[in-house]
Amino acid sequence: MTSNNTSPLIPLPASTARVVTLTGAVLALAGTFLPWTWTSAFPGDLTVTGYPGGLQVLTLVGAVLTLLFTLSGWGSPRSSEAGSGGRIRGLAWLTPGGTNSPVRLAALGVFGVTGYAIGAISYELGGLVNLELGGWIAGGGALLAVIGALALPADQPHDDDTDAWGRFRNAFSAPDPARAKDLPAWAEILIITAAFGIGLWIFAYGIATEYSELFIGFVVLAAFGFAAVLRAGLLKRLSALTAKHRNVTLTAAFAAAICFPFTQTNDQFALIGANILIFATVALGLNVVVGLAGLLDLGYVAFLGVGAYAAALVSGSPQSTIGVHFPFWAAVLTGVAASLVFGVLIGAPTLRLRGDYLAIVTLGFGEIFRITVNSLNGTSGPDVTNGSNGIPNIPDLELFGFNFGLPHDVLGFQLTRPGNYYLLMLLFTAVVVMVFRRSAESRIGRAWVAIREDETAATAMGINGFRLKLLAFALGAGLAGLAGSVQAHVSYSITPEQYQFAGSVPPNSAFLLAAVILGGMGTISGPLIGAALLYLIPAKLQFMAEWQLLLFGIALMLLMRFRPEGLVADRRKQLEFHETGQTDVPDDATLPEGATGVAKAGA
Amino acid sequence: MTTTSTTAATTTKVLDVTGVTMKFGGLTAVRDVNLTVNGGEIVGLIGPNGAGKTTFFNCLTGLYVPTSGTVRYKDTVLPPKPHLVTQAGIARTFQNIRLFANMTVLENVLVGRHTRTKEGLWSALLRLPGFKRAEQESREKAMELLEFVGLDHKADHLARNLPYGEQRKLEIARALASEPGLLLLDEPTAGMNPAETRATEELVFAIRDRGIAIVVIEHDIRFIMNLCDRVAVLVQGEKIVEGPAEVVQRDERVIAAYLGEPYEDTTAADSAAPAPAPEAPVADGADRGDAGDGKENDR
Numbered sequence: 001m002t003s004n005n006t007s008p009l010i011p012l013p014a015s016t017a018r019v020v021t022l023t024g025a026v027l028a029l030a031g032t033f034l035p036w037t038w039t040s041a042f043p044g045d046l047t048v049t050g051y052p053g054g055l056q057v058l059t060l061v062g063a064v065l066t067l068l069f070t071l072s073g074w075g076s077p078r079s080s081e082a083g084s085g086g087r088i089r090g091l092a093w094l095t096p097g098g099t100n101s102p103v104r105l106a107a108l109g110v111f112g113v114t115g116y117a118i119g120a121i122s123y124e125l126g127g128l129v130n131l132e133l134g135g136w137i138a139g140g141g142a143l144l145a146v147i148g149a150l151a152l153p154a155d156q157p158h159d160d161d162t163d164a165w166g167r168f169r170n171a172f173s174a175p176d177p178a179r180a181k182d183l184p185a186w187a188e189i190l191i192i193t194a195a196f197g198i199g200l201w202i203f204a205y206g207i208a209t210e211y212s213e214l215f216i217g218f219v220v221l222a223a224f225g226f227a228a229v230l231r232a233g234l235l236k237r238l239s240a241l242t243a244k245h246r247n248v249t250l251t252a253a254f255a256a257a258i259c260f261p262f263t264q265t266n267d268q269f270a271l272i273g274a275n276i277l278i279f280a281t282v283a284l285g286l287n288v289v290v291g292l293a294g295l296l297d298l299g300y301v302a303f304l305g306v307g308a309y310a311a312a313l314v315s316g317s318p319q320s321t322i323g324v325h326f327p328f329w330a331a332v333l334t335g336v337a338a339s340l341v342f343g344v345l346i347g348a349p350t351l352r353l354r355g356d357y358l359a360i361v362t363l364g365f366g367e368i369f370r371i372t373v374n375s376l377n378g379t380s381g382p383d384v385t386n387g388s389n390g391i392p393n394i395p396d397l398e399l400f401g402f403n404f405g406l407p408h409d410v411l412g413f414q415l416t417r418p419g420n421y422y423l424l425m426l427l428f429t430a431v432v433v434m435v436f437r438r439s440a441e442s443r444i445g446r447a448w449v450a451i452r453e454d455e456t457a458a459t460a461m462g463i464n465g466f467r468l469k470l471l472a473f474a475l476g477a478g479l480a481g482l483a484g485s486v487q488a489h490v491s492y493s494i495t496p497e498q499y500q501f502a503g504s505v506p507p508n509s510a511f512l513l514a515a516v517i518l519g520g521m522g523t524i525s526g527p528l529i530g531a532a533l534l535y536l537i538p539a540k541l542q543f544m545a546e547w548q549l550l551l552f553g554i555a556l557m558l559l560m561r562f563r564p565e566g567l568v569a570d571r572r573k574q575l576e577f578h579e580t581g582q583t584d585v586p587d588d589a590t591l592p593e594g595a596t597g598v599a600k601a602g603a
Numbered sequence: 001m002t003t004t005s006t007t008a009a010t011t012t013k014v015l016d017v018t019g020v021t022m023k024f025g026g027l028t029a030v031r032d033v034n035l036t037v038n039g040g041e042i043v044g045l046i047g048p049n050g051a052g053k054t055t056f057f058n059c060l061t062g063l064y065v066p067t068s069g070t071v072r073y074k075d076t077v078l079p080p081k082p083h084l085v086t087q088a089g090i091a092r093t094f095q096n097i098r099l100f101a102n103m104t105v106l107e108n109v110l111v112g113r114h115t116r117t118k119e120g121l122w123s124a125l126l127r128l129p130g131f132k133r134a135e136q137e138s139r140e141k142a143m144e145l146l147e148f149v150g151l152d153h154k155a156d157h158l159a160r161n162l163p164y165g166e167q168r169k170l171e172i173a174r175a176l177a178s179e180p181g182l183l184l185l186d187e188p189t190a191g192m193n194p195a196e197t198r199a200t201e202e203l204v205f206a207i208r209d210r211g212i213a214i215v216v217i218e219h220d221i222r223f224i225m226n227l228c229d230r231v232a233v234l235v236q237g238e239k240i241v242e243g244p245a246e247v248v249q250r251d252e253r254v255i256a257a258y259l260g261e262p263y264e265d266t267t268a269a270d271s272a273a274p275a276p277a278p279e280a281p282v283a284d285g286a287d288r289g290d291a292g293d294g295k296e297n298d299r
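Just so you know, the protein sequences line up as chains A and B, in that order.
Numbering follows UniProt numbering, in which position 566 of the first sequence is assigned residue number 566; successive positions increment by one, without gaps.
Numbering follows UniProt numbering, in which position 129 of the second sequence is assigned residue number 129; successive positions increment by one, without gaps.
Quick caveat, the hints were computed from the structure, so don't treat them as lab data.
The C-beta atom is built at its ideal place from N, Cα and C for all residues, glycine as well.
One or more hints might be untrue.
Said to hold, decoys possible - Some chain B residues close to chain A (C-beta under 8 angstroms, calculated; not the full set):
| no. | residue |
| --- | --- |
| 1 | His83 |
| 2 | Gln87 |
| 3 | Arg92 |
| 4 | Phe94 |
| 5 | Met103 |
| 6 | Glu107 |
| 7 | Val111 |
| 8 | Thr115 |
| 9 | Ala124 |
| 10 | Arg174 |
Stated by the list, open to error - With a cut-off of at most 30 angstroms between alpha-carbon atoms, the simulated DSS-like pairs for lysine-lysine come out as follows:
| no. | chain 1 | residue 1 | chain 2 | residue 2 |
| --- | --- | --- | --- | --- |
| 11 | B | Lys118 | B | Lys74 |
| 12 | A | Lys244 | B | Lys141 |
| 13 | A | Lys244 | B | Lys132 |
The shape of chain A in the complex, shown without the other chains (with noise of 0.2 angstroms):
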């Protein structure tokens, strides 16, 4: 049934397609050396001779990429070129899984880059008369370099009778990685360094992009870079070593984490960072309820308004009903015991019910939290919360005589506001974590996922199936209140409008719900970075506002029909949504003792 063919797209030899593709990305590298259009009226100043800047940055790295992905692959056993002697020392693990899918997928990701910005100056200034030398090279050498690539042979082998759309789908997968050969420890715990030092450089890029066409093309190109990454079998590799090395990647994902604050000199995108926090730690809470326990909330933000508007009642704020001003540390307890609280309220009567049921009833409880808190305005009911008007200034928070509305000098760096409170929610965010994880790798974790699985066999096996779902219900909703209790502080005013259902300014139910599914349920990266990527995207595409639900639902969609595990799949749903008829043969079975949970709690 399965024949060896691996016959391109495009019928070439494979040593001249792969020397079109070197030449294509060799051009369009040199392109981003010349100018692209001659005036200075298209952001990023692409007139510049000899240094690259906006755009073209982006094309020159992308060409990088396919340029060494090219190479690793030239002479590798499955490209069967004629005369090739072997594979270019030095660059062969950089292909371990596909070797000419990446190349495919870099080199179209330039083109899209390239193309993107060739049409985009030639609609904004008026014409392709605008564009110059360089940007007809780039161009050229991109759609050269993708020609070139498609007509490299396919990574894996295919069926003579596969059709044209299979032929496609096919030269754009790759096989997996074998297992790596154990390097010593400092150099495994290095690369997990060195990936968190480029993950995390890639991100403050995407947040400090200035204006909108820097981040479009900035997202096609990590699209098709973080595509061909993965079938080369990259990411396989990074966590594998990432399951064996846990502590340590918790460690560096931090410590990257931490240096983002310095790498910013505007405040708006320290701030974009901040909020990012906020809402990541929130979904990663929505994550127990949600990715643990399977219960189906569509309520959850009333828990971080809850958190917040009690952080913010007791915060000082001159509007506040109530006169007092609550250390920090009290304030932050208020918010989380007030959601807890709120949180097995509404649990005790609604978790008798199941499914469908228990997501109607929590959707009617959000929207419940924000109509009461509306309505507390004096005149249709007691004065608590001052109505629509909401809460506003609220003073910063001060700690140890840090006041966090104040910029502060550490290390030759300056901390500005949106940075500081970027750190406290830093702090919060590894204690939020360190919770999920260590409650997900505990009998009352496996209890939640039981549950989740088959609530009757789970409590056929003694499981107090109401007991142990308040329970994720009511630690779901104290975390949320501890986002709460800072966002009240970052936003210096909260409104009732901040906790709807839908809307468009991210931390809503909706979108929480969308962070945790799109990111991948249960595991602890996916709703930090489907969180991310949720409120990034509309913060930085604010032109089309009229369309960010449209083009978001679009997204979830394609999403879910080709990747419904979510960006990051825990091992569990990888096999549960692509059954492969074949039984599971885990490969981590040499791992150490203890390193079971590492499925569920994912990377």
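Assemble the complex: chain A is given as a structure, and chain B must be docked to it using the hints.
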């Protein structure tokens, strides 16, 4: 065959069911059933499809609240809550396998240990000193059980990827993890081939030798004959006969329930006439009609 020789090893009553009745609206699924199970005993529960066997199990384990009647486990009346029943010491398997499909084999058994461990959320979050020890102990016990049923080499596989027979074994291991005094097996050999059925028999004996009493629902009469010290027959929700397997098998009411009344049998005096060959008819009837249809009546 060591079946009946060890019957009287312990004569303490493990399970004592008195007058359990279960009504669903106008339908009486189980009517006034009494059953006792002594320590170290294997009791069979047979009956045609729809006789109420699984419903009876569900009444015992608290999944259903019986309309009337009480269930005593070692002289304490059980509350009709599944988790409390398990905590008291009754474990069960399901007719249609209900594993936690997306958990690993080891995790499945660890879930079974839930009632025998006490570590709460705080202990897990703060990693209190007892946590690691309890976790380690649970793992060891779970691995020991997996070894007992012969699945220790597959501890890291997902439960859903096990072949059918091994899923049944895993369900038994998971039930044993709660350290029960009584194990309820609901059709443990449904859909198995003769060799697997033999292996299951050995497993059931091995469990009994650990001092666990067993009640088993089964349609495979040979299996019941080999295993059980006592057999109870449930027909249309009522227990019509109880006794040693050989006696029950020859009982004409049982034959009638499985095969129907003889056509000519109209006069009362004639009732003793059709004395069928022992063993064969009942076994045939059971095999033909009932083997391995997974009906979902325990929700």
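Pair hint outcome, Lys118 (chain B) versus Lys74 (chain B) [Cα-Cα no greater than 30 angstroms]: Distance of about 23 angstroms is within 30 angstroms: holds.
Cut-off 8 angstroms, beta-carbon criterion: hint that Arg92 (chain B) touches chain A: holds (6 angstroms)
Hint status (Cβ of Met103 (chain B) to nearest Cβ of chain A, threshold 8 angstroms): holds (6 angstroms)
Cut-off 8 angstroms, beta-carbon criterion: hint that Phe94 (chain B) touches chain A: holds (7 angstroms)
Closest C-beta approach of Glu107 (chain B) to chain A relative to 8 angstroms, hint status: Where the cut-off is 8 angstroms and the nearest Cβ of chain A is about 6 angstroms from Glu107 (chain B), the hint holds.
Interface hint status, Arg174 (chain B) versus chain A (Cβ within 8 angstroms): holds (7 angstroms)
Interface hint compliance - Ala124 (chain B) to chain A, C-beta minimum distance less than 8 angstroms: Result: holds, 3 angstroms to nearest chain A Cβ.
Cut-off 8 angstroms, beta-carbon criterion: hint that Gln87 (chain B) touches chain A: holds (5 angstroms)
Holds or violated: Lys244 (chain A) to Lys132 (chain B), with C-alpha atoms at most 30 angstroms apart: With Cα atoms ~20 angstroms apart, Lys244 (chain A) and Lys132 (chain B) stay inside 30 angstroms; holds.
Given hint His83 (chain B) near chain A, where the shortest CB pair must fall under 8 angstroms: holds (5 angstroms)
Straight-line alpha-carbon gap Lys244 (chain A) to Lys141 (chain B), limit 30 angstroms: The given pair, whose Cα atoms are some 25 angstroms apart, holds under the 30 angstroms limit.
Chain A contact restraint on Thr115 (chain B) - CB to CB distance below 8 angstroms: Where the cut-off is 8 angstroms and the nearest Cβ of chain A is about 3 angstroms from Thr115 (chain B), the hint holds.
When held up to the earlier numbered hints, the structure conflicts with none and fits them all.
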